[in-house]
Amino acid sequence: MAKPTIEFKDGKKIVTYPSGEKREHSKESLTTAKQMFVKRREKIDEQIALIDDDIKKIG
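Sequential numbering from 496 applies to the sequence shown in our numbering.
The hints are simulated quantities; they were obtained by calculation from the structure and are not laboratory data.
Hints are not guaranteed to be accurate.
[Stated by the list, open to error] No more than 27 Å apart at the CA atoms, straight line, and that leaves these computed lysine-lysine pairs for BS3-like:
(1) Lys522 / Lys534
(2) Lys508 / Lys522
(3) Lys538 / Lys517
(4) Lys507 / Lys529
(5) Lys529 / Lys508
(6) Lys508 / Lys534
(7) Lys529 / Lys504
(8) Lys538 / Lys522
Make a model of the complete structure from these sequences and hints.
Here you go:
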């Protein structure tokens with residue numbers, strides 16, 4: 496299976512897929528995506544903490 500190629504130029508990340516499709520990602524769009532994933536991770540960590548508390552209570 497062919498892999499996409501990744502270039503960094505003109506202040507952007509350019510991903511070219513084997514089909515020829517290209518996607519450009521700016522620093523701002525990557526930062527926004529990172530913030531979204533950090534927020535998800537925080538929610539997951541909260542859920543894990545709640546489960547850990549329940550496990551301790553069950554003993």
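Structure-based check of each hint:
Simply put, Lys522 and Lys534 have alpha-carbon atoms about 18 Å apart, close enough for the 27 Å limit, and the pair holds. Between Lys508 and Lys522, the direct Cα distance comes to roughly 8 Å. Compliance with the 27 Å bound is thereby established for this hinted pair. For the given pair, Lys538 sits about 32 Å from Lys517 by alpha-carbon distance, which is inconsistent with the 27 Å threshold. Distance hint between Lys507 and Lys529 is fulfilled; the C-alpha atoms sit about 16 Å from each other, no more than 27 Å.
With a CA separation close to 15 Å, the supplied pair Lys529 and Lys508 stays within the 27 Å bound. With a C-alpha separation of about 23 Å, the suggested pair Lys508 and Lys534 falls inside the 27 Å cut-off, and the hint holds. For the suggested pair Lys529 and Lys504, the alpha carbons sit about 20 Å apart, so the restraint of at most 27 Å is met. Using a Cα cut-off of 27 Å, the hinted pair Lys538 and Lys522 holds, with the two alpha carbons roughly 25 Å apart.
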